[in-house]
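Trainee: Just need the whole structure built from these sequences, with the hints factored in.
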Amino acid sequence: LHRPDLELKRLTPSNKDALLFDDVLWVRRARAEHDGFADVLRDRGVTVHLFGDLLTEALEIPVARSLVLDRVFDEKEYGPLATDHLRAAFETLPAPELAAALVGGMTKREFLDAHPEPTSVRFHVMDLDDFLLGPLPNHLFTRDTSAWIYDGVSINAMRWPARQRETVHFEAIYRHHPLFRDEHFNLWSEGQADYPSTIEGGDVLVIGNGAVLIGMSERTTPQAVEMLAHKLFAAGSARTIVALDMPKRRALMHLDTVMTMVDGDTFTQYAGLGMLRSYTIEPGSGDKELKVTDHPPEHMHRAIAAALGLSEIRVLTATQDVHAAEREQWDDGCNVLAVEPGVVVAYERNVTTNTHLRKRG
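Counted the way the numbering used here counts, the sequence shown spans residues 78 to 438.
Hints were generated in silico from the structure; no laboratory data involved.
Built from N, CA and C at the ideal position, the CB exists for glycine as well.
Hints may be right or wrong, so weigh each one.
Claimed, not checked - Derived lysine to aspartate or glutamate pairs resembling DMTMM-like cross-links, with alpha carbons at most 25 angstroms apart:
#, residue 1, residue 2
1, Lys308, Glu389
2, Lys325, Glu403
3, Lys153, Asp207
4, Lys86, Asp259
5, Lys436, Glu366
6, Lys93, Asp82
7, Lys365, Asp322
8, Lys308, Asp259
9, Lys93, Glu187
10, Lys86, Asp120
11, Lys436, Asp371
12, Lys86, Asp100
13, Lys86, Glu425
14, Lys325, Asp206
15, Lys93, Asp206
16, Lys368, Glu389
17, Lys368, Glu267
18, Lys93, Glu154
19, Lys325, Asp371
20, Lys436, Glu425
21, Lys325, Glu174
22, Lys93, Asp342
Said to hold, decoys possible - Simulated restraints on C-beta separations:
#, residue 1, residue 2, range
23, Pro373, Pro139, 48 to 56 angstroms
24, Ala270, Asp130, 22 to 30 angstroms
25, Gly363, Leu189, 37 to 45 angstroms
26, Leu189, Ala348, 28 to 36 angstroms
27, Glu303, Asp161, 36 to 44 angstroms
28, Arg186, Arg379, 57 to 65 angstroms
29, Pro324, Met203, 15 to 23 angstroms
30, Pro324, Gly419, 23 to 31 angstroms
31, Pro324, Arg437, 21 to 29 angstroms
32, His201, Val422, 42 to 50 angstroms
33, Glu366, Leu387, 44 to 52 angstroms
34, Gly113, Glu194, 39 to 47 angstroms
35, Arg379, Thr124, 17 to 25 angstroms
Mentor: In structure tokens:
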């Protein structure tokens with residue numbers, strides 16, 4: 078998890094759209110709610126690792142620090158005159174300060190408080206309060222940038238520029254942090270190097286029985302699904318992928334905002350999602366071959382059930398008028414987290430959906 082911090086305080090009405098937020102947040106309340114969520118997980122026996130702590134600890138390791146700084150301070154971003162100057166300045170920061178700057182951002186003014194101004198057109202044209210290093214408020218959504226799929230992790234290439242710097246932070250953690258460095262697990266992706274073949278964890282549901290359900294949304298591409306399928310099948314880590322052809326709209330940005338698994342055979346689904354075209358992907362006859370079966374929209378649930386080895390799945394959709402349903406979908410009514418079969422964490426404001434789930438057990 079990532080505890081809200083400076084990066085959310087730097088979210089403003091003028092930059093929120095570019096940073097993929099619909100509004101600015103009350104950060105103190107966000108931190109309190111985050112702490113409550115973390116405590117709920119701990120109470121269920123979950124070990125909670127905080128992203129900020131892991132990043133700070135990784136940045137104490139020279140090879141991890143170099144990986145991050147080399148990727149962030151690139152001539153294509155800062156120009157040939159400023160890049161080396163900036164990289165050298167950030168190299169001197171203690172790990173906690175470097176982690177705070179990488180996630181929370183740094184303005185030109187803040188940089189000049191501690192460092193001389195480089196001779197650089199790129200630097201000179203900036204106003205003092207422009208971000209030299211932009212904040213990354215979407216680090217809050219840790220489930221997107223990396224996704225554990227059976228016995229490996231996908232460190233994902235992100236669709237939008239506002240999130241692309243997040244990926245190298247997770248690369249540094251998974252490749253070099255002591256918690257992961259000596260463990261044996263598969264890597265299902267090449268990080269941001271996979272771009273424009275993008276996939277985000279909110280579109281990836283690991284549903285069991287060697288199956289993965291993936292939404293091809295505005296942020297997850299078909300080619301990324303194929304690349305993931307090749308690696309999962311080659312390792313013998315999965316047997317089936319069911320890919321859903323989702324509408325490419327911000328309101329439906331990830332599969333888990335409109336459909337999530339709540340039990341071994343049960344899903345909650347937003348009524349407005351409807352039934353979607355789906356594709357069952359299985360290993361083919363050769364190393365590079367995939368077997369793809371197309372399904373019409375009306376067979377969407379049947380395709381998911383087949384991947385699970387079931388005759389059917391149970392789909393829970395709250396009965397409400399179209400306006401109320403759209404409001405609850407906007408508030409992620411179907412975006413629940415199962416902490417064990419039949420036990421989920423949900424947003425308390427979605428009263429109708431939550432009442433429906435309780436009544437269904």
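Trainee: Look at each hint and say if it fits the structure.
Mentor: Going through the hints against the structure:
Among the hinted pairs, Lys308 with Glu389 is inconsistent with the structure: their alpha-carbon atoms are about 28 angstroms apart, more than 25 angstroms. The hinted pair formed by Lys325 and Glu403 meets the criterion: a straight-line CA distance of about 17 angstroms does not exceed 25 angstroms. A distance of roughly 18 angstroms separates the Cα atoms of Lys153 and Asp207; the hinted pair therefore holds under the 25 angstroms criterion. Restraint check for Lys86 and Asp259: the C-alpha separation of about 36 angstroms exceeds 25 angstroms, so the hint is violated.
Distance restraint check for Lys436 and Glu366: the Cα-Cα separation of roughly 45 angstroms exceeds the 25 angstroms cut-off, and the hinted pair is therefore not satisfied. Among the hinted pairs, Lys93 with Asp82 is consistent with the structure: their alpha-carbon atoms are about 16 angstroms apart, no more than 25 angstroms. Distance check on the hinted pair: Lys365 and Asp322 sit about 23 angstroms apart at the alpha-carbon level, within 25 angstroms; holds. For the suggested pair Lys308 and Asp259, the alpha carbons sit about 21 angstroms apart, so the restraint of at most 25 angstroms is met.
The straight-line distance between the Cα atoms of Lys93 and Glu187 is roughly 21 angstroms, inside the 25 angstroms bound, and the hint therefore holds. Among the hinted pairs, Lys86 with Asp120 is inconsistent with the structure: their alpha-carbon atoms are about 29 angstroms apart, more than 25 angstroms. A hinted pair counts as satisfied when its Cα atoms are at most 25 angstroms apart, and Lys436 with Asp371 does not qualify at roughly 35 angstroms. Distance check on the hinted pair: Lys86 and Asp100 sit about 12 angstroms apart at the alpha-carbon level, within 25 angstroms; holds.
With a CA separation close to 24 angstroms, the supplied pair Lys86 and Glu425 stays within the 25 angstroms bound. Restraint check: the Cα-Cα separation between Lys325 and Asp206 comes to about 35 angstroms, which exceeds 25 angstroms; the hinted pair is violated. The suggested pairing of Lys93 with Asp206 holds, with an alpha-carbon distance near 16 angstroms, which does not exceed 25 angstroms. Only pairs whose Cα atoms come within 25 angstroms are accepted, and Lys368 paired with Glu389 is accepted, the gap being roughly 22 angstroms.
Straight-line distance between C-alpha atoms of Lys368 and Glu267 comes to about 24 angstroms, which keeps the hinted pair within the 25 angstroms bound. The hinted pair formed by Lys93 and Glu154 meets the criterion: a straight-line CA distance of about 21 angstroms does not exceed 25 angstroms. At roughly 19 angstroms between alpha-carbon atoms, Lys325 and Asp371 fall within 25 angstroms of each other, so this suggested pair holds. A threshold of 25 angstroms between alpha carbons decides the hint, and for Lys436 with Glu425 the separation of about 16 angstroms falls inside it, so the pair holds.
With a C-alpha separation of about 38 angstroms, the suggested pair Lys325 and Glu174 falls outside the 25 angstroms cut-off, and the hint is violated. As the CA atoms of Lys93 and Asp342 are separated by approximately 38 angstroms, the hinted pair breaks the 25 angstroms bound. Roughly 55 angstroms separates the CB atoms of Pro373 and Pro139, a value that falls within the hinted 48 to 56 angstroms. Taking the beta carbon of each, Ala270 and Asp130 are about 26 angstroms apart, inside 22 to 30 angstroms as hinted.
A hinted range of 37 to 45 angstroms for the beta carbons of Gly363 and Leu189 is inconsistent with their spacing of about 58 angstroms. A hinted range of 28 to 36 angstroms for the beta carbons of Leu189 and Ala348 is inconsistent with their spacing of about 54 angstroms. For Glu303 paired with Asp161, a C-beta distance near 39 angstroms keeps the hint of 36 to 44 angstroms intact. Between Arg186 and Arg379 the CB atoms are about 59 angstroms apart, so this pair conforms to the stated range of 57 to 65 angstroms.
A C-beta distance of roughly 39 angstroms is found between Pro324 and Met203, which places it outside the suggested range of 15 to 23 angstroms. Range check, Pro324 to Gly419: Cβ separation about 29 angstroms, and the 23 to 31 angstroms hint holds. In this structure the hint that Pro324 and Arg437 lie 21 to 29 angstroms apart at CB holds, the actual value being about 26 angstroms. Roughly 49 angstroms separates the CB atoms of His201 and Val422, a value that falls within the hinted 42 to 50 angstroms.
Taken as a hint, the range 44 to 52 angstroms is violated for the pair Glu366 and Leu387, whose Cβ atoms sit roughly 27 angstroms apart. Evaluation of the 39 to 47 angstroms hint for Gly113 and Glu194 yields a pass: the beta carbon distance comes to about 44 angstroms. Taking the beta carbon of each, Arg379 and Thr124 are about 37 angstroms apart, not inside 17 to 25 angstroms as hinted.
Figure legend: structure checked against the earlier numbered hints; hints not met, in rising order: 1, 4, 5, 10, 11, 14, 21, 22, 25, 26, 29, 33 and 35.
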